[in-house]
Amino acid sequence: MQKTLVLFLFCLNALVVTYFFASLSYLGDKRKTNLGATVSPQEFLHQGDLSSDLGAENDQVIFRGGMTREGRYEISSERIKPKLSWSSEKINAGIHSASKATPVADSTGVYVGTDLGYFYRFSLDGEIIWSFKTDSFTQGIHGSAALDKDSVYFGNYKGYFYKLGKATGEIRWIALLTEGIGSSPTFWNEDILISAEYSTHRQGLVFSLDRRTGKKIWNSQYFGEQVHSSPSIDRKNRIVGVGDNKGVFHGIDLLSGKTKWTWVGYEPIKSTAVVVGERFCFTNWEGKLICLDTNTGQMDLEIKIGSKSQSSPAYDGSQFLYFTTTAGDLFKVNLTDKQIESTVPIKSSKSRKNYGMPSPIILQVEQKNYFVVTPCFDRFICFYDSKLKLHTQVDVSGIVSGSLGVYRDHLYGLINNGGVFKIQLY
Amino acid sequence: MTLSSWKEFFHSNIKNLNEDSSLRLLQLPLILIHFLSAIFFLKQDFLGILTKIERRICWPFFENCLAYTRFSSFQSQVLFSSYLFLALVCIFLFFKKSKHSLSLLVFLEIFKLLIQSIDYRFMGNYHFMPHVFTLVYLLAHNKSVWLRIWLASFYWSAASLKTNPEWLAGNSLSFRTPFGFTEPLPYFALLVLLIEINVPFLLLSTKSKFRHSALFIFLIFHLVSFYWVGFFYPMVMVCLLSVFLIIKNQEPININILWKDKIAFIFWIFFIFNQMRNISDFREFSLNGYQRLYSLNMYDASSECMGFFLAKSGNSWEQIPFVNHLAVRVRCDNVIFWQQARNLCREKNGNTTWSAYLYSRLGSDTSQTRIESEVDVCKKL
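As you go down the protein sequences, you meet chains W and A in turn. Sequential numbering of the first sequence, starting at 95, is according to this note's numbering. Sequential numbering of the second sequence, starting at 1245, is according to this note's numbering.
Source of the hints: derived by calculation from the structure; they are not laboratory data. Treat the hints with care, as some may be off.
Unchecked claim - The calculated label-pair distances, taken between Cβ atoms and stated as ranges, are: (1) W/112 with A/1427: 18 to 24 Å; (2) A/1419 with W/315: 51 to 57 Å; (3) A/1427 with W/221: 56 to 62 Å; (4) A/1464 with W/103: 17 to 23 Å; (5) A/1289 with W/309: 36 to 42 Å; (6) A/1297 with W/349: 50 to 56 Å; (7) W/358 with A/1313: 45 to 51 Å.
What the hints assert, rightly or not - Here chain W is said to cover these stretches of chain A; the calculated rule only asks that three of the stretch's residues, wherever they fall, bring their Cβ under 8 Å from a Cβ of chain W: (8) 1430 to 1437; (9) 1548 to 1557.
Said to hold, decoys possible - In silico DSS-like links for lysine-lysine, alpha-carbon gap of 27 Å or less: (10) W/227 with A/1296; (11) W/426 with W/462; (12) A/1556 with W/227; (13) W/97 with A/1556; (14) W/260 with A/1451; (15) W/352 with W/340.
From a predicted model like this one, the values you see are computed outputs, not experimental measurements. C-beta atoms are modelled at their ideal positions from N, C-alpha and C, and glycine is treated no differently.
Isolated chain A (complex conformation) (with noise of 0.2 Å):
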C-alpha cells in the first residue's frame, strides 16, 4: 500500500468511526475503562510504585527502566490526575457528540501504554484485551466481525488454557474459599471452562435471543467471579461485551470474511498461535513470566515458590527474601525476581558476591518444577 491509500484509508475508518452511530457508541465502553484503568492503578498503589524507585520492576527488555522513569511525588500525582482528568473530559466529549472524542481516546490509548511502559505490575491481560480490541476498533476493516470475533477469541483462549489438572483441581481459585468449603472449587473450574467454551458461540449467533442469553450469562459470570478477581477485571468485560448489543450488523462470520481482512487475520492467528504454545506445556508457560508474555497473560496459574538472594560478605552470609507477597498472578514471577536481583546488584558494595535462586510450582504440583539459578548473578546480569 502506498502512502496516499494509507492517508485514504485512516481518514475513511476516521469517518466511519465517527458517523456510524454503533460504532461511534461503542466508544463508550472503551473510555469507560480508561476511567477503571485509573481506579484500579490507584489500587494498586500507583502512586508507590513510582516514586519508590528502589522497589521498581522493569519490563523485560527494559531493563534500565529506572534511568528513564523517576517521578517525584508531585509528578506522580500530576501523571495519574492527567491520566483520570483525560478519561473525564473524553466521556465529556464523547456526550457532548464532539469527535474529537476519537482522537482524545486514542491519545488515551497511547497515554495508558506509557503508564504500563512504566513498571511491569501494570501487566495483566484485562488491560492488554481493551488494548487490543481498541486497535481493531481503530483499524480495522470490518469491524463488526472482528470485534465479535476477537472477544470470542479470549474467552475461547481463556478456555484452551484452563484445560489442564493445574485449573480443573480448583487451586487458581483455593486463595478465596465460599464459606470456607474447599470440595466445590474443582467444579466451579469445571463450569468456569464449559462457559468460556460454549457461551462464545451463542454470542456469535445471527439469533439475538441466543446472543441476549450469553450475555446475561456472561453477566452473571462476571459478577460472582468478583468474588475472586475484585471488580477491575469482570467490568473491563462488560465494557467489551457490550459489542454485541452496540453493533447492529450481528452478521455470520466464516473464515471467507475474515480473511478479506488480511492483516487482521495474521494479527489474530498469531494472537491464536501463542495460545497454543502455552497449551504445549502448559507448566512452563504457567510460571515462566517471559513466555507469559507472549500469550498476553491469558492464563496466569496459582503458583508457589521459594526464592532467595544469597550475598557473601567476608565471613558473613545474608539470605535476602525474594519479595513476593505480591498478587497471586505475578508473586512468583521470574520476570520480578530477576529484576529484584538487578536492584541488589545495583544497590550492594562491591566486596559482596550475590547468588540468586528461584524455585517454583504449580499449587497442584507437590514438589518444585522449575528452577532459577545462578551464582555469582551481578557478573552476568
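The following block holds chain W by itself, in its conformation from the complex (with noise of 0.2 Å):
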C-alpha cells in the first residue's frame, strides 16, 4: 500500500512538473515583457456603436494640423484684425504641471478636453452641446483630441483612450491601454497612434489601434521611462518619432510598431517633434533643438537655446522653425544655415511663470507671407509676422500654455484655469 501511494505521488509530481515547463512555455511569449508578469499592456477594449464613416483625410483634425505636427494652418488674408470672439465658463482648474489641451474644431463644433476630466463638444458659437465625464485621476484630460469625419478621439490620465460620436457623445468603443495618456493621437490611414504610459512603474509606449473597433494592431516596446509627447510620422519612410522623459528618442517602425533607432539624450523630450522632410526636430530640457535624420537617428541639427523648452516647434514650410522657452523668449531657427534668427521675448520680466510649455502656431497666406501666433504675457495671445515684429495682441484674461486650434480663420485656445476662447481674426 505504502509504496502504491509512493509510486502514485511519483507518477503525480512528475507530471505537475512536466505541466510547469509545459505552461512556461506556453505563456513565455504571451506575456514577454520587459518589466516580469507585473505590467502588461492592459488590452480592455469596451465596443458600443461602430457603424462610424471615418471619412477622408481631409475630413480629419489631428493637433497641430496633421501627422506631421507643422502647426501650419492656412488663412484667407493677411489682413489680419485679431479679436475675441467669445469665451466660456471656466471648465479648467489649474491642476497638473503639464501643457493643457489644445481645442480642435471642424465645421459640427469645437472639441476639447479638460483637467477635470470632462470632454466637451462646444458649438461654434460657444455653447455646450455635449459633455463626456471619463473615469480619470485628478490630471484629468490633457492631451488634445483628434477628429474624423463623425468621431472624436482622446485619452485620459487613467490610461483610458474614448472615441465618441461626435454628434451625441454615445460610446464608440473605449480601451483602457496603461495607467495615463497625456498626449495627442494621430492619424494612419485607418489606424491610429498615441503614446500612453505607466505610473506604478514607469514606462512609457506607443499604441497603433484600429479606428474602427479600438483593437490593438501593435504597440511598441517599453521605453524604460514615460512619455508625454505626442507620436509624429514621417509619411515617407513610415517612421513615427517620439520622445520620452528620459531624454531618448525613438523611431519606430510604422507598419510592425518595432524600434528601429534610439537617439539618447540627456533630458526629458516633452515637446512633439515636427517632421521637417526627413527629420524629426523637437526641443528638450537640456535646452537644445535637436534635428535627427528619421531613417537613421543621426542628429544633423544642435542649437543650445539657453534654457529648457517642452514647446512643439512650428515649421514655415520651408526653412523656419518657431518654438519658445522656459526664459520667456520665442524662437525663430534658419534651419538652413543652423542658427538662431532673431528672438523676442513673450514674457514680461516681472513674470515668474513658466513659458516653456507653449507652442506656437503659423498662420499663412502665401509661404513667405504668416503669422507667427503664441500665447504670450500671461493673460495675451501673441500675433508676430515672420520677422518676429509683434502685429498685435489679444487679452484671453489668462494663461495658456497649451497651443492653438484652427479652423476656417477662427482660433481656438483653453486656458489654464478657465474656459475655451474663440479668436476671430477678420
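Put the two chains together into one complex, using the hints given.
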C-alpha cells in the first residue's frame, strides 16, 4: 500500500512538473515584456456603436495640423484684425503642470478635454452641446483630441482612450491601454496612434489601434521611462517618432511597431517633434533644439537655446522653425544656416510664470507671408509677423500653456484655469 | 433519526467534547481563531464597512441587506468590542476548565457568521475553513478522523485549483516580489503546489516522525507565506494544523472508516465535487465570484479588469468607475460589481439611464476573457 502510494505520488509529481514547464513555455510569448509579470498592456476594450464613417483625410483634424505636426494653417488674408469672439465658462481648474489640451474644431463644433476629466463639444458659437465626464484621476485630460468625419478620439490620465460620436457623445469604443495618456493621437490610414505611460512603473510606449474597432494592431516595446510627447509620422519613410522623459527619442516602424533606432539624450523630451522633410525636430529640457534623420536617427542639427523647452516647434514650410523656452522667449531658427535667426521675449520681466510650454502656430497666407501666433505675457495671444515683429495682441484673460486650434480663420484656445475661447481673425 | 435520538446524539457529543482531554484541548485553537478574526476584521476597516452604508456590498441572494444592517458608529464599536470580549472570555473559561467554554465557542461561531453576513468583503476561505472545521468538531462522530481528513482535503483542493497555467506562471504572487525579482515566482508557485499535493499524505501518516516532519514543513510554508498573504491566513492554518499534535488517536484513515459517518461523508463529497467543478473551467470559476462561493473561495486568481458604469442624463454622459481598489481576491469580483450597480441605481435620480460593463481576465491572459454587460441596468436589477 505504501509502495503504491509512493509510486502514485512520484507519477503525479512528474506530471505536475512536466505541466509546469509546458505552461511556462505556453505563456512565455504571451506575457513577454521587459518588466516581468506585473505590467503588460491592459488590452481591455469596450465596444459600442461601431458604425462610424471614418471619412477622408481632409475630414481629419489633428493636433498641430496633421501627422507631421507642423503647426501651420492656411488663412484667407493677411489683413487680420484679431479679436476675442467669445469665451466659455470655466472648465479647467489649473490642475497639474503639463500643457493643457488644445481645442480642435471643424464644421460640427469645438472639441476639448479638461484637467477635471470632462470632455466637451461646443458649438462654433460657444454653447455646450454635450459633455462626457470620464473616469479619470486628478489630472483629467491634457492631450488634444483628434477628429475624423463623425468621431472624436482622445485619452485621459487614467489610461483610457475614447472614441465618441461627435453628434451626441455616444461611445463607439473605449480602450483601457495603460495607467495614463497625456499625449495627442494622430491618424495613419484607418489606424490611430497614441503614446501612453504607466505611473506605478515608470514606463511608456506607443500604440497603434484600429480606428474602427479600437483593437490593438501593435504596441511598441517599452521605453524604460514615461512619455508625454505625442507621436509624429514621417509618411515617406514610414517612421513614427516620439521622445520620452529620459531624453531618448525613438524611431519606430509605422507598420510593425518595432524600434528601428533610438537617439539618446540626457534630459526629458516633452515637446512633440515636427517632421521637416526627413528629419524629426524637437526641443528638450537640456535647452536644445535637435533634429534627427528619420531613417537613421543620426543627429544633424543641435542648437543651444539657453533654457529648457517643452514647446513643439512650428514649421513654416521652407526653412524656419518657431518655438518658445522657459526663459520666456520666442525663437526663430534657420534650419538651412543652422542658427538662431532671432528671438523676442513673450514674458514680462516681472512675471514668474513658466513659459516653456506654449507651442506657437503659423497662420499662413502664402509661403513667405505668415503670422506666428503664441500665448504670451500671462494673459494674451500675440500675433507676430515672420520677422517676429509684434502685429497685435488679444487679451484672453488667462494663461494658455497649450497651443491653438484653427478652423476657418478662427482660433480656439483653452485657458489653464479657465474656459475655451475663440478669436476671430477678421 | 427521531428527535430523541438526535437529543441523545447531542448530549453524548457534548459529553465527549468536554471529557476527552485532547478534544477539549482542540477548543483552544478554535477560540484563538475568533480572537484573530476580530483583529483581522479591524484591519479590514470593520467599523468603516459597517457605518458607510453607501459602500455596503451585500452577499448574493441577500441583496436587500441594507434594510437590516444599518449601524451607527457606536453600534459598530459595540458589535466589534462584544465579539472581541467574548473571544477573550471564552479563552478565560477554557483555561478555567469551565464547560461553558464550548457553549461560548458555538455562540462565537454564530456571532462571526452574522458579522460576515453584513458585508461580502468579510468572505474568504480563511473564514470558511475554520467554520467547516468547527462544524465537524462539534458534530462529526469520528472527530479525530474527520478533522484530519478535512484539513488534508483543504490542502489538496487548494493544490488542485492551482494546477493551471495562471498559478504556475506565478501571476498570483507577482503583487509582491522578493527583492524585486520576478523570475523565481513561477518556481515558488510550483513549490507551493508540490507541498500542497505531497505533505498532506505525510500528515495523515500513522508514524509520528512523518507527521512531525509534515507539520514542520507546513509551519515554514505558512511562515514564508506571511510575505504574500499577511498574518491572518497563516495563523488560521497553524491553529487548524494543531489537530495533528493535539489528537492522540491518529488512526489510519480509509474509505470504510469514512463511510461509517454517512452525513459527514456526504458533506465531504459535496465539498470535493465543488472543487472539481472549478478545475473543469478554472478561468470561469476564477473570475466569477458567484461560482467561487460554491468552492468556498479556495482559490482566488490574480485578476485584472476594466469596469465602469455609464450614466446618461440629457446631453451629459458620466463614466463612473467600478470601485475595485480592494484586496487582490475581490478586486474584479462581479458580485461587488453588481452590488455597486444596485447602489448607483438606488442613489441617482430617475432621469438618468445607467449601463454597466465589466471586462476581466486572469493576470496571465493578454485579452479580456469574461464580460458582464447590461444596458439600462436599473430596469433589470
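Hints not upheld, ascending by number: Violated hints: 2, 7, 13 and 14; rest satisfied.
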